[in-house]
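Read top to bottom, the protein sequences are chains A and B. Per this note's numbering, numbering through the first sequence is continuous, rising by one, with the last residue being 675. Per this note's numbering, numbering through the second sequence is continuous, rising by one, with the last residue being 675.
Keep in mind the hints are simulated off the structure, nothing from the lab. One or more hints might be untrue.
[To be verified] Here are the simulated DSSO-like pairs of lysine-lysine, each with C-alpha atoms no more than 27 Å apart in a straight line:
#1 LYS643(B) <-> LYS461(A)
#2 LYS427(B) <-> LYS635(B)
#3 LYS478(A) <-> LYS670(B)
#4 LYS635(B) <-> LYS461(A)
#5 LYS528(A) <-> LYS440(A)
#6 LYS548(A) <-> LYS440(B)
#7 LYS461(B) <-> LYS534(B)
#8 LYS649(A) <-> LYS669(A)
#9 LYS462(B) <-> LYS456(A)
#10 LYS478(B) <-> LYS427(A)
#11 LYS440(B) <-> LYS664(B)
#12 LYS670(B) <-> LYS637(B)
#13 LYS427(A) <-> LYS635(B)
#14 LYS478(A) <-> LYS542(A)
#15 LYS532(B) <-> LYS461(B)
#16 LYS548(A) <-> LYS528(A)
#17 LYS456(A) <-> LYS664(B)
#18 LYS670(B) <-> LYS478(B)
#19 LYS462(B) <-> LYS427(B)
#20 LYS462(B) <-> LYS637(B)
#21 LYS669(B) <-> LYS462(B)
#22 LYS542(B) <-> LYS427(B)
#23 LYS542(A) <-> LYS427(B)
#24 LYS456(B) <-> LYS478(A)
#25 LYS456(B) <-> LYS456(A)
#26 LYS542(A) <-> LYS649(A)
#27 LYS669(B) <-> LYS461(B)
#28 LYS637(A) <-> LYS478(A)
#29 LYS548(A) <-> LYS478(B)
#30 LYS548(B) <-> LYS440(A)
#31 LYS637(A) <-> LYS548(A)
#32 LYS478(B) <-> LYS478(A)
#33 LYS456(A) <-> LYS478(B)
#34 LYS440(B) <-> LYS478(A)
#35 LYS528(B) <-> LYS548(B)
#36 LYS456(B) <-> LYS462(A)
#37 LYS637(B) <-> LYS542(B)
Protein chains: 2
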Amino acid sequence: MIIFKIGGGQSINLKGIAEDLAALNEPKIVVHGANALRDELSEKLGISKKVVTSVSGYASVFSDSKAIDVMMMAYAGLRNKRLVELLQSQGVNAIGLSGLDGCLIQGQRNRGIRVKENGKIKILRDFSGKPRAVNKTLLTVLLEQGYLPVITVPIADENGFAINSENDDIVALLQSALQATTIVQLIEAPGFLENPSDPDSVISRLTIRELRMREQQSAGRIKRKLHALVKIFENGKPRVIIADGRVEHPVKNALNKKGTVIQ
Amino acid sequence: MIIFKIGGGQSINLKGIAEDLAALNEPKIVVHGANALRDELSEKLGISKKVVTSVSGYASVFSDSKAIDVMMMAYAGLRNKRLVELLQSQGVNAIGLSGLDGCLIQGQRNRGIRVKENGKIKILRDFSGKPRAVNKTLLTVLLEQGYLPVITVPIADENGFAINSENDDIVALLQSALQATTIVQLIEAPGFLENPSDPDSVISRLTIRELRMREQQSAGRIKRKLHALVKIFENGKPRVIIADGRVEHPVKNALNKKGTVIQ
Numbered sequence: 413m414i415i416f417k418i419g420g421g422q423s424i425n426l427k428g429i430a431e432d433l434a435a436l437n438e439p440k441i442v443v444h445g446a447n448a449l450r451d452e453l454s455e456k457l458g459i460s461k462k463v464v465t466s467v468s469g470y471a472s473v474f475s476d477s478k479a480i481d482v483m484m485m486a487y488a489g490l491r492n493k494r495l496v497e498l499l500q501s502q503g504v505n506a507i508g509l510s511g512l513d514g515c516l517i518q519g520q521r522n523r524g525i526r527v528k529e530n531g532k533i534k535i536l537r538d539f540s541g542k543p544r545a546v547n548k549t550l551l552t553v554l555l556e557q558g559y560l561p562v563i564t565v566p567i568a569d570e571n572g573f574a575i576n577s578e579n580d581d582i583v584a585l586l587q588s589a590l591q592a593t594t595i596v597q598l599i600e601a602p603g604f605l606e607n608p609s610d611p612d613s614v615i616s617r618l619t620i621r622e623l624r625m626r627e628q629q630s631a632g633r634i635k636r637k638l639h640a641l642v643k644i645f646e647n648g649k650p651r652v653i654i655a656d657g658r659v660e661h662p663v664k665n666a667l668n669k670k671g672t673v674i675q
Numbered sequence: 413m414i415i416f417k418i419g420g421g422q423s424i425n426l427k428g429i430a431e432d433l434a435a436l437n438e439p440k441i442v443v444h445g446a447n448a449l450r451d452e453l454s455e456k457l458g459i460s461k462k463v464v465t466s467v468s469g470y471a472s473v474f475s476d477s478k479a480i481d482v483m484m485m486a487y488a489g490l491r492n493k494r495l496v497e498l499l500q501s502q503g504v505n506a507i508g509l510s511g512l513d514g515c516l517i518q519g520q521r522n523r524g525i526r527v528k529e530n531g532k533i534k535i536l537r538d539f540s541g542k543p544r545a546v547n548k549t550l551l552t553v554l555l556e557q558g559y560l561p562v563i564t565v566p567i568a569d570e571n572g573f574a575i576n577s578e579n580d581d582i583v584a585l586l587q588s589a590l591q592a593t594t595i596v597q598l599i600e601a602p603g604f605l606e607n608p609s610d611p612d613s614v615i616s617r618l619t620i621r622e623l624r625m626r627e628q629q630s631a632g633r634i635k636r637k638l639h640a641l642v643k644i645f646e647n648g649k650p651r652v653i654i655a656d657g658r659v660e661h662p663v664k665n666a667l668n669k670k671g672t673v674i675q
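With the rest of the complex left out, here is chain A (with noise of 0.2 Å):
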């Protein structure tokens, strides 16, 4: 079991990843994004995304009733339909659930941000959460049937409520309910960079406890992403590999173990 998580860039190329998948005889599970088409939707329709940063120091998306809006639009509509046509047209029978649907990723709503405004702690609640769980038959049936699943946010609450939550979560959890052997992340980089501003500073191979190094030594909205990839680590002993999304054949190249290969 392979589980592809595919950023949400503008520069991802769907089609080759289409095309790859296509010719990829594995089980496996796409996970992805839609962050730049969201954040383009977003400014057409004038609502603004807003970013708080909570007082541990991880950066967040503030998610109210109409950022979900936009989400359902940009990540379960537009991308998630778009993605899934491209793989039909390829002959790959791919099925686009967001975590909603048929409660496949049910999440627990979180209780607010601290944040500090002008110096003071305060209590943000918005529409987001932690995924808990994950609707494993759902998805076996799923797979034995012969469809690729294709999941994106929003996820469920604990009441059935539509809420944002990090990709990142939702693929460990995925990870540890259907223990994938490896987990390919596709990205608008040619891998985990030493120096974010240098593409040729790729770090091709990377242990668990330098994960857990950089983890703390980082900060903002990266300490986030790396807080996840640790996280997958706790709960099974996958091998992760973040690639390219942006070549040709971004998921042969990212199987090649070009881009960082964790484990």
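We have chain A; now place chain B onto it with these hints.
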């Protein structure tokens, strides 16, 4: 088996529908529209809706690639996921699917619409077509496992590409595939009206013969709607109830035969 077709109007009471469906202990499927949302989104994004009328008198939306983008956002994205959320929060394990997903609704792309422009016949080809086949295996598995399929456009064409299709045609095809005994159409009117501008002119009972006569006497979009209704009775003998989707309990109201019953 009851098929619920939920109109895409702004004033449809989705919450009331979700509550009613939660209390209804019968195999069911939902097919929904989102035309008000689509029109609103198109306008906000500056993508104008193009409506063409064929030489044979049928009016339809001309779906170019951008129109399909908007459809994916409005139908498969926002409307579908908010409806799934409402159902999930009522304890109904709804699963939202476009016709593309798992190739649920496979269609045939239109070769082109013959239109008259400035007195000349011209052929316009868009991303639209007719539904031809239902993935009954997938639907059956989902129904057997207790899910409520919540279906919307786009559907897949012969090559897996996303195309627009009339929900009425999809409902007719689903009725035939699943041998549904009842079709409930929830609209923004108290039923089928003798005079479209007079809400008191509901025709409470209509025979199939009367339906056919009315089809011949009408034009444009109404003609197409009536044509789809007529087609339902070509492939089966269900009961069709057209009722108000705006009231407090739209489903209960409809199943109590308030509105128009066609048999």
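Which earlier hints can't be squared with this structure? 1, 2, 3, 4, 5, 13, 16, 17, 18, 19, 21, 22, 27, 29, 34 and 35
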